[in-house]
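Read top to bottom, the protein sequences are chains A and B. Counting from 1, position 11 in the first sequence corresponds to residue 11 in my numbering; the numbering is continuous, with no gaps. For any residue, its number in my numbering is found by taking its place in the second sequence, counting from 1, and adding 115.
Hints may contain errors.
[Claimed, not checked] Below, computed lysine-lysine pairings styled on DSS-like, alpha-carbon distance capped at 27 Å:
1. A:K9 <-> A:K57
2. B:K118 <-> A:K83
3. B:K118 <-> B:K218
4. B:K222 <-> A:K57
5. B:K184 <-> A:K9
By construction, these hints were calculated from the structure, which means they are not laboratory data.
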Amino acid sequence: DGGITQSPKYLFRKEGQNVTLSCEQNLNHDAMYWYRQDPGQGLRLIYYSQIVNDFQKGDIAEGYSVSREKKESFPLTVTSAQKNPTAFYLCASSTSPSGRMGEQYFGPGTRLTVT
Amino acid sequence: DAKTTQPNSMESNEEEPVHLPCNHSTISGTDYIHWYRQLPSQGPEYVIHGLTSNVNNRMASLAIAEDRKSSTLILHRATLRDAAVYYCILYNFNKFYFGSGTKLNVKP
């Protein structure tokens, strides 16, 4: 089955610790995205990558870092510099911008709680 | 950045049509209009998208105003499984702009 997997589904960390969220896709998509969602709110873009070894900051990149060493993987690290990291994190992928006008496929999400 | 405006919530009866409005008055000529929906604690699901012309697919229809400053997602016969938050989004080849969405409640 093709799709996007995110692990783990729930993650708990102590304040001050860095944590890495996994995102893997086997859809052969070029573009991948990370979003953050707070309760009752829409999605906000953290980082996106249109191609391997390249990524761009989204609207709320401060306190986060990413890498794109492989086409199928786009891990997100939430650093201790992120002031309010508790949120629901969603990863998505899409074909290149010229394909299907950017329809995105989302993973199931990781709910991160930092105490 | 282009933004969208949607009502916070709407209610519908099961098996009746639902019209979900979206305003995007600052849309640019290269922005595509996308609709996604999200069930609680799940990732959003693609519904439909369009540029200028009205669009139909198996899930819904998208009606786009002639000036493109607004659009309407039409669910022809709402079911209980259609209860979700519906997002109207603008896409311009680099990233999506998500608003807060409309929470649709479907009554049996």
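Quick rundown of the hints versus the structure:
For a cut-off of 27 Å, the pair hint linking K9 of chain A to K57 of chain A stands: about 24 Å separates their Cα positions. This hinted pair checks out: K118 of chain B and K83 of chain A have alpha carbons roughly 26 Å apart, not beyond 27 Å. Taking the CA atoms of K118 of chain B and K218 of chain B, the gap is near 18 Å; set against the 27 Å cutoff, the hint holds. Restraint check for K222 of chain B and K57 of chain A: not satisfied, since their Cα atoms lie roughly 41 Å apart, outside the 27 Å limit.
With a C-alpha separation of about 38 Å, the suggested pair K184 of chain B and K9 of chain A falls outside the 27 Å cut-off, and the hint is violated.
The structure is inconsistent with the numbered hints 4, 5, although it conforms to all the rest.
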